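Asks: Single-letter residue listing:
Number of protein chains: 2
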Amino acid sequence: MVRTRPLKVALLGCGVVGSQVARLMTTHAEDLAARIGAPLELAGVAVRRPDRVRAGIDPALVTTDAEGLVTRDDVDVVVEMIGGIEPARGLIEAAFKNGAGVVTANKALLAQDGPALHAIAAEHGADLYYEAAVAGAIPLLRPLRESLAGDTVNRVLGIVNGTTNFILDRMESSGAGYGEALDEATALGYAEADPTADVEGFDAAAKAAILAGIAFHTRVRLDDVHRQGITEVTAADIASARRMGCTVKLLAICERAGDGRSVTARVHPAMIPLSHPLASVKGAYNAVFVEADSAGQLMFYGPGAGGAPTASAVLGDLVAVCRNKLGGGRGPGESAYTQLPVSPMGDVVTRYHISLDVADKPGVLAQCALVFADHGVSIDTVRQSGKDGEASLVVVTHRAPDAALTATVAALRELDTVHDVASIMRVEGE
Amino acid sequence: MVRTRPLKVALLGCGVVGSQVARLMTTHAEDLAARIGAPLELAGVAVRRPDRVRAGIDPALVTTDAEGLVTRDDVDVVVEMIGGIEPARGLIEAAFKNGAGVVTANKALLAQDGPALHAIAAEHGADLYYEAAVAGAIPLLRPLRESLAGDTVNRVLGIVNGTTNFILDRMESSGAGYGEALDEATALGYAEADPTADVEGFDAAAKAAILAGIAFHTRVRLDDVHRQGITEVTAADIASARRMGCTVKLLAICERAGDGRSVTARVHPAMIPLSHPLASVKGAYNAVFVEADSAGQLMFYGPGAGGAPTASAVLGDLVAVCRNKLGGGRGPGESAYTQLPVSPMGDVVTRYHISLDVADKPGVLAQCALVFADHGVSIDTVRQSGKDGEASLVVVTHRAPDAALTATVAALRELDTVHDVASIMRVEGE
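The listed protein sequences derive, respectively, from chains S and U.
Here this note's numbering is used: the first residue of the first sequence is 1, the next is one more, and so on.
Here this note's numbering is used: the first residue of the second sequence is 431, the next is one more, and so on.
These are calculated hints, taken from the structure and not from any lab test.
These numbers come from a predicted model, not from an experiment.
Treat the hints loosely; a few may be bogus.
[Stated by the list, open to error] With beta-carbon atoms standing in for the labels, derived distance ranges:
1) T231(S) to V779(U): 53 to 61 Å
2) A116(S) to M674(U): 54 to 62 Å
3) A116(S) to S604(U): 52 to 60 Å
[What the hints assert, rightly or not] Simulated coverage check for chain S against chain U, where a stretch passes if three residues somewhere in it have a Cβ under 8 Å from a Cβ of chain U:
4) 291–302
5) 321–328
Glycine included, every Cβ here is placed at the ideal spot set by N, Cα and C.
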């Protein structure tokens, strides 16, 4: 049964994703109406540059007055595709106060103000959906928020940034250095002109904050996420990973810690075994593992970005908000009821892969091994090779608190026989 | 905010999954209450044998009067864990008429009567959730019903039966025949005493019917699903698959056909390349690919069965139904609005791997090749080997309608020089 009066949608921003959403609303109007139970109508499109030609969008709908659009009486749902903190936050709040539901892909805003926005939405009986904010088209937030609502999630681990995955992939397959692979990614449109948000791990860290908050029902801020990008990953690191049957991926890892009484969230490059399913995630694809008490280990895989995949996630949310509007209900809110604190990186238990340039003389290995032992760090493997009076020592540790591993590295640097700590990388995925 | 008056849950059946659900409702009471917004209370447990000891369940709650339990005034949600068609269907209908929401894992019932049950649920404003019916703990139905509600799904392809996957795995890794591998599966508890539902593909076919209905928003009955089990898969088939860089899996495949104007659903063993992600899905795990217009290719992976994983899916649904109860809304219904017809197997476009025992004399290959050509079937590869006056011919075709491939095989059987069609298997996953 499809009612006649349409649900009105205000679109904020009409870039790559926004224009796809508008297009699909038109081309798939009948399917959307059947699935929602009422037709959709584009109430208006707020943009900064109204003079740009926008194929398929009625120019009469285009406005620069976003505030006026979201506070219109007849708007049922606001689709926020502007990104960034302001004016997006103010417009979303205005939409809630106007009783409209909101669909957004704004990870930066959600990572910073998710709980506050959820509270305002709840206060006004409005919906807030944002599947597209993490891992593009991959249904991940809805499974975490809803499918696993009766389970206890212990770990979320995955590749959530396609740009860095593409760059690391290129370094792996071609032996190129970081700079060369970045140039290639930029030329092919996989990296933006200013790639900082991706390569420094800010994008992945925002996603980790959102994932950790939802998975553990607590509040995790962007600043709570330990963040390390890929700019210092070298061709030598990747070659070294390969020698130990591993590859290098930028991982987002959210875990329960301290017997479940706290949580940790971090983003950093890590070596993972080639046999691990994440090792074969190529190019701009994303993949996320979720481990839960009862469900066991689940994996979600798919395109992590791009206009069409992101629009798919936005439209799925739009259908949900509209259905809720018609049915008089609301989607699941977000509650940080567990109030689990976020532990610092030093408490995270992990493994290190450490490359040292050392003096090529007897006793150096024993001296280094003693430093590890002094810090309570157990060594898994050591590989030693020498040339021209210099030797290199590659040590892989067993699992230990990150603080102990950091202290070990600091102590190694103090040794006269250690000329350089050539690289340090965590090892995950076992 | 958690209200004080509890939501009351009637549990029908207390077997492996039901008892886990009851246990988790107790051990996770606080978390569930926080996530729902109200505490849960077990109103009663209907069982056939009330004298059996059930750890952790108050004997006063146990009853044999399932009908009386589901029609109690105070019951908010019914969790149906009995399975099979009756009395499950009658009890679910009674629950809807009583205004109660229903959570079930009953794939047989959903495959047979899903649309009718959804209609009754809608009529009474009640919820029907059944994530656990397909692929255990893997969030798959919710993503299809909700996350992809704004997209067009073109294909669902996956491993949805753990028992057969375990058996095929054992045949692959040990070279054992089907019977031996089945015995092992039975001894280890992976196969039931009567394994028919699994090994003949009935279980997977019910899941395919449910998946196709949800994915394409149409009605697909169990009888509409082409079904072939694994009982005739031989060690030779698996060895032959291996020689062409493939492995054998029991696949459930639902596709749009005929330019999107019809759908097909089928379950059969198929050879897939070892490089395909489904090839590495081992043991009792399930994995499902979903291909959609905008989202692209998604994969969902996890434990496909077992008490705890299934209980996780049931509890996720229970939280959803309870939230909807409190919020006054309803979850997404199911609509077969597209009314796409189901095409017969003959219309499915696939590839065949055919092993023939032929006379070892000149001209046989040419004669066989002519039969393929006569039926419009193009040959991809041929491998010929001879011994003792007999030769074997292994042909892999290009893609063609199944009807043409079947007719080709029938015509080959008529040739004097073809002594036996040793095996036929479809090739998928490219």
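Asks: Now tell me, hint by hint, if it's right for this structure.
Replies: These are the hints, each one checked on the structure:
no.: 1; hint: T231(S) to V779(U): 53 to 61 Å; verdict: 48 Å, violated
no.: 2; hint: A116(S) to M674(U): 54 to 62 Å; verdict: 58 Å, holds
no.: 3; hint: A116(S) to S604(U): 52 to 60 Å; verdict: 58 Å, holds
no.: 4; hint: 291–302; verdict: holds (count 11)
no.: 5; hint: 321–328; verdict: holds (count 4)
In summary, the structure is inconsistent with hint 1 from the numbered list given earlier, while agreeing with all the others.
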